[in-house]
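S.K.: Residue-level listing of the chains:
There are 2 protein chains.
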Amino acid sequence: MQQPDQITACLIIIGNEILSGRTQDANLAIIGKKCDALGIRLTETRIIPDVEADIVTTVNNCRAQFTYVFTTGGIGPTHDDITAAAVARAFNVEVVRNEEAVDALDRYYEPGFLTEARLKMADIPEGARLIDNPVSGAPGFQLENVFVLPGVPSIMEAMFDGLADRLVGGDPILTENVLTNLLESVIAKDLEALQEKYPDVNMGSYPYFRKGKLGVNLVLRGTDGDRMNDAADELATVIAGLNGKVLNRLSPA
Amino acid sequence: MQQPDQITACLIIIGNEILSGRTQDANLAIIGKKCDALGIRLTETRIIPDVEADIVTTVNNCRAQFTYVFTTGGIGPTHDDITAAAVARAFNVEVVRNEEAVDALDRYYEPGFLTEARLKMADIPEGARLIDNPVSGAPGFQLENVFVLPGVPSIMEAMFDGLADRLVGGDPILTENVLTNLLESVIAKDLEALQEKYPDVNMGSYPYFRKGKLGVNLVLRGTDGDRMNDAADELATVIAGLNGKVLNRLSPA
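Chains as they are written, first to last, in the numbering used here: chain A, 1 to 253; chain B, 1 to 253.
For the record, the hints were derived by calculation from the structure and aren't laboratory data.
C-beta atoms are modelled at their ideal positions from N, C-alpha and C, and glycine is treated no differently.
Hints may contain errors.
Calculated cross-link-like contacts (lysine to aspartate or glutamate; reagent style EDC-like; alpha-carbon spacing at most 16 Å) [stated by the list, open to error]:
| hint | chain 1 | residue 1 | chain 2 | residue 2 |
| --- | --- | --- | --- | --- |
| 1 | B | LYS120 | A | GLU116 |
| 2 | A | LYS120 | B | GLU192 |
| 3 | B | LYS189 | A | ASP106 |
| 4 | B | LYS197 | B | ASP230 |
| 5 | A | LYS120 | A | ASP106 |
| 6 | A | LYS120 | B | ASP190 |
Restraint ranges, calculated between C-beta atoms of paired labels, are given here [what the hints assert, rightly or not]:
| hint | chain 1 | residue 1 | chain 2 | residue 2 | range |
| --- | --- | --- | --- | --- | --- |
| 7 | B | ASN229 | A | LEU214 | 39 to 47 Å |
| 8 | B | PHE113 | A | THR237 | 22 to 30 Å |
| 9 | A | ASP230 | B | ARG166 | 42 to 50 Å |
| 10 | A | ARG107 | B | THR237 | 30 to 38 Å |
For reference, chain A alone in the conformation it holds in the complex:
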């Protein structure tokens, strides 16, 4: 259960192609891991289409609910890149040509290549703070607790890394994986008892069923490495007691 003092985040993935499943999103995995390291709990992700009304509603809904909101996608130069305009509307501000963003694009492009289509990427909501793009020039932006990032994962990641000093988190969230050949139903009862013994370590059970092999990936999450290690040790004992095998154990780095 979410604690009132936790720092939370919501990721809004904007793009018809992600939503149709034709393009596999890669940004959730990147942002999820970076939030863990920063001690920020990514507690929801929404995938929405390139439709202004949907973006406005979702951004306004989420920025009221979560400490931080990250959006990815829709800040390029084409007609379907409507995120900047939609976020401006969500905040009731105008989109203006941002001189700092023009300068960033100007530094990136060879003389003569900063076309009007590219300049569209300098149209940013009034009052926004830019997010530097060390890869391809076009900046993202921050309005209050909303951080607007591009959809291309390598560029998004480089820009997210530049945000570390603007994001206030907590203790890093650690993950430990214990992979076993036991069936979920076999370990269910003991796992529940162990979860009750370690309320501060979140225990998830994820069955796998592929290439004819069944088993469970047991995932422990928490902020106290010693407690997690103790819980994982007890879990290994439980598995052995049920005549199962620990196939793999991945401890926090």
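Keeping the supplied structure of chain A fixed, place chain B upon it in accordance with the hints.
M.R.: Chain B alone, transformed into the frame defined by chain A:
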């Protein structure tokens, strides 16, 4: 923009491991394509944790907004499988041991292997209609417009296929991809003009930037194959006129 007469759907992916990005979701791509074929517009996806209050709020919010709601995950036998109880709470009904579900599990397991932990998978909200599981016995269920499915993709897919006669859609939604080496900013203006000429064909522009190569995947979506073909032909002419190449063109099956 969404039309008032469109049949829409929302997918709710339930699971901490998907949300943390450690497990890559595969169900969105499956359900997205099946919705296209059924003429159902999957217009939102939400990824939420295994937290009862979050599931209740999200299910109630979404079932009021969309024609259909699909959930994946959280219907197994372990302590973190709370979807059935949470959906029951969303509908203000009790969870009861469903005799039809017990029979289905009984047919699946060898005598003596239907343990109490496994029987938990027959605890279903009162009044729900079961969704047959041809792979591993444990059923999903439907309450009004909400369809509760498991998280394991191969099982989820087999169960979704059994729903065809319960889902009323429209004309199948077709997709055509045109991959070009042109930069997004180069094609932006002509693409916008083409989008205006074909308002019934949704045109998306998705830049790629990998292994040092830049380009755009242009995606056309609509229900009229002839119109999409005409639009894609014109798009190829536009690309040639800008000295670009069509690297690949994938038409609807």
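S.K.: Look at each hint and say if it fits the structure.
M.R.: Outcome of the hint check:
no., hint, in the structure
1, B/LYS120 x A/GLU116, "violated, 61 Å"
2, A/LYS120 x B/GLU192, "holds, 13 Å"
3, B/LYS189 x A/ASP106, "violated, 20 Å"
4, B/LYS197 x B/ASP230, "holds, 11 Å"
5, A/LYS120 x A/ASP106, "holds, 13 Å"
6, A/LYS120 x B/ASP190, "holds, 15 Å"
7, B/ASN229 x A/LEU214: 39 to 47 Å, "holds, 46 Å"
8, B/PHE113 x A/THR237: 22 to 30 Å, "holds, 24 Å"
9, A/ASP230 x B/ARG166: 42 to 50 Å, "holds, 48 Å"
10, A/ARG107 x B/THR237: 30 to 38 Å, "holds, 35 Å"
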